[in-house]
Every structure is written in structure tokens, then in C-alpha cells.
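Undergrad: Start from chain A and add chain B according to the hints.
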Amino acid sequence: MEARKKRRAVVDGSACVACGCCVKVCPLSAIRIWHGVRAEVNGERCVGCGRCAKECPASVIEIQEVPV
Amino acid sequence: MKKRWYDYLWIVSLTYLVLGFFNILFAWLGLLCFFIPLIISLVWGTKGYCNRYCGRGQLFGLLGGRFGLSRKKDIPGWMKSKWFRYGFLVFFFIMFFQMLWNTYLVFAGAQDLRQVVTLLWTFRLPWHWAYHGTLLHPGAAQFAFGFYSVMLTSTVLGLVTMVLFKPRSWCVYCPMGTMTQLICKAKNRKQ
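So the protein lines, in turn, are chains A and B. Using our numbering, the letters of the first sequence correspond one by one to residues 1 to 68. Using our numbering, the letters of the second sequence correspond one by one to residues 1001 to 1191.
Just chain A, with the same shape it has in the complex (with noise of 0.2 Å):
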């Protein structure tokens, strides 16, 4: 049986610039900045409706499908 998958926002910390544009258009509050350092997901919360993916200004979030 094909295991099931989930679609979720998946950050790259590393490019990431902590503007926080993310956290303001996420429906569901499941990213946050961690520390002024970088965009954190909650991967429970999230749906992966991707519109932190769209406003994110550097483009560092993608949507990914991930297993459950």
C-alpha cells in the first residue's frame, strides 16, 4: 500500500531572511520566525496551501509533498 502524503510548506533556512511576510498571509498560524533568524514550520498545522510560498519576497519556500 502506497504510503499517504501530506503537502506542506518546507522553508530553506539558510536563504532566508526573517521578513516575516509568511507569518502574515498564513491562515492557519503554522510558520513562524524563529529567533529573528528564520521562517519555522509546524508541520502539524500546516496544509501546505502555499500562500506563504507566494509572498515569501526571496522565494525560499516551497510546497512539498512529505509522508504522513
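Each hint should be verified, as a subset may be incorrect.
[Stated by the list, open to error] Computed list of lysine-lysine pairs in DSSO-like fashion (alpha-carbon distance at most 30 Å, straight line):
id, chain 1, residue 1, chain 2, residue 2
1, A, K54, B, K1072
2, A, K54, A, K5
3, A, K6, B, K1002
4, A, K24, B, K1072
5, B, K1002, A, K54
6, A, K5, B, K1003
7, A, K54, B, K1003
8, B, K1185, A, K5
9, B, K1187, A, K6
10, A, K5, B, K1082
11, A, K24, B, K1002
12, A, K24, B, K1185
13, A, K24, B, K1082
14, A, K54, B, K1185
15, A, K54, B, K1073
16, A, K5, B, K1187
17, B, K1187, A, K24
18, B, K1073, A, K5
[What the hints assert, rightly or not] Taking CB as the label site, the calculated pair distances span:
id, chain 1, residue 1, chain 2, residue 2, range
19, B, F1034, A, R45, 43 to 49 Å
20, B, A1186, A, K6, 33 to 39 Å
21, A, S14, B, Y1008, 32 to 38 Å
22, A, R7, B, D1074, 19 to 25 Å
23, B, W1028, A, D12, 37 to 43 Å
No lab work stands behind these hints, which were simulated from the structure alone. Beta carbons are placed, not taken as given, at the ideal position from N, Cα and C, and that holds for glycine.
TA: This is chain B only, laid out in the frame that chain A set:
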């Protein structure tokens, strides 16, 4: 999402830019945009200013987003590279200190007050109509002209990258953002 009071700080940023056209001495207020982010990052170790209170970022977000003045394309890779971000920070610093040096020369009486706003560090725009004299030293006015030049230049650059790329592209290479992120990295490196 519910709007908070700080979601309207773009009005403050816009007012600041407009005031500079009427009385250049208002440019001094721009120091708040320098000190507040630094204090937040130094004391709390966060980029709270960028994340919540930056009126300039909000203004770009509004113009590029709701007003549709942005192509919403990805920013080129080199513009988000550390090399460019740190390079731009250093360049910005050098230009800032050059501005401070010019201010010092006026304070020291070695140079006369120049009523110009220098755009993109190159173009000297006559700005005498926004200067109505000061009770303070002319050096205080020179700083205002210099500081407003910094603020106007960064706004113009931000607007250009807003149109070309995503609305808040300025945030990627904003020297204050880069500097506060470096402070946060240093403060939180143990975690």
C-alpha cells in the same frame, strides 16, 4: 485576518516621505527606523520590527499587492545571495558614514550647507524649497538633507524591485533587515 494598530504603520512611512517635501527637518524622525529595529534585535533578539512594525515594508506590500504594481516574479538568485546582501550592507554603511562626514564638515564650519537631496548616491536634486531655516546649527539641517537622501534612495530602490519582482523584495536586501538578522544570529547562536 484581524487588523492590528501596527498594520497601519505604512501611513506613518508615507507621511514621513511627504513631510520631507515640505520641511526637510522632519527627516530627523527617520532615525526611529534605525534605532527601533536595532533596539528590538539587541534586547529581544528578534526581528520584530521587520515582522510587525516596518511601515516601509507594508507600503511596498500594499502598492505591489492590493494596487497590483508588482510583476510578482522571483527575485534573481544573486540578489538573495549572502554575498550581495552583506555587500549591500557594507556599501550602505560606507555611504552613511560619508553622509555623517559631510554633516560634520558643516558643523565644523569647513563646508557650507548644501540644500540638495542626493538620489541613488549620485543625482543631486535641488531641495531648497523644503528648507526654511533653523534655530539650530546648519549642520543639523545638513544631516536632515543627508538622512532624507538615504531614506528616499532606499524607497526608490524598493519601488523598482517591487515592480520588477515581488512586492516586498526590498526586505531581501534591506540593510537594516540584514543587520538585525546578523544580530539575532549572534544572539541566538547557542540555541
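Undergrad: For each hint, tell me whether it holds in the structure or not.
TA: Hint by hint, here is what the structure shows:
1. K54(A) / K1072(B): Within the cut-off at roughly 9 Å; holds.
2. K54(A) / K5(A): 22 Å, holds
3. K6(A) / K1002(B): 28 Å, holds
4. K24(A) / K1072(B): Holds: K24(A) and K1072(B) sit about 17 Å apart, inside 30 Å.
5. K1002(B) / K54(A): 21 Å, holds
6. K5(A) / K1003(B): 34 Å, violated
7. K54(A) / K1003(B): Distance ~21 Å between K54(A) and K1003(B) Cα, so the pair holds.
8. K1185(B) / K5(A): The given pair, whose Cα atoms are some 34 Å apart, is violated under the 30 Å limit.
9. K1187(B) / K6(A): This hinted pair is violated, its Cα atoms lying about 35 Å apart.
10. K5(A) / K1082(B): Since the Cα atoms of K5(A) and K1082(B) sit roughly 34 Å apart, the hinted pair is violated (cutoff 30 Å).
11. K24(A) / K1002(B): At roughly 11 Å apart (the allowed maximum being 30 Å), K1002(B) and K24(A) satisfy the hint.
12. K24(A) / K1185(B): 22 Å, holds
13. K24(A) / K1082(B): 24 Å, holds
14. K54(A) / K1185(B): 26 Å, holds
15. K54(A) / K1073(B): 10 Å, holds
16. K5(A) / K1187(B): 37 Å, violated
17. K1187(B) / K24(A): 24 Å, holds
18. K1073(B) / K5(A): Holds - the C-alpha atoms of K5(A) and K1073(B) are around 29 Å apart, at most 30 Å.
19. F1034(B) / R45(A): 43 to 49 Å: 35 Å, violated
20. A1186(B) / K6(A): 33 to 39 Å: 36 Å, holds
21. S14(A) / Y1008(B): 32 to 38 Å: 34 Å Cβ-Cβ, so the 32 to 38 Å window holds.
22. R7(A) / D1074(B): 19 to 25 Å: 20 Å, holds
23. W1028(B) / D12(A): 37 to 43 Å: 39 Å, holds
Of the numbered hints stated above, those contradicted by the structure are hints 6, 8, 9, 10, 16, 19, listed in ascending order.
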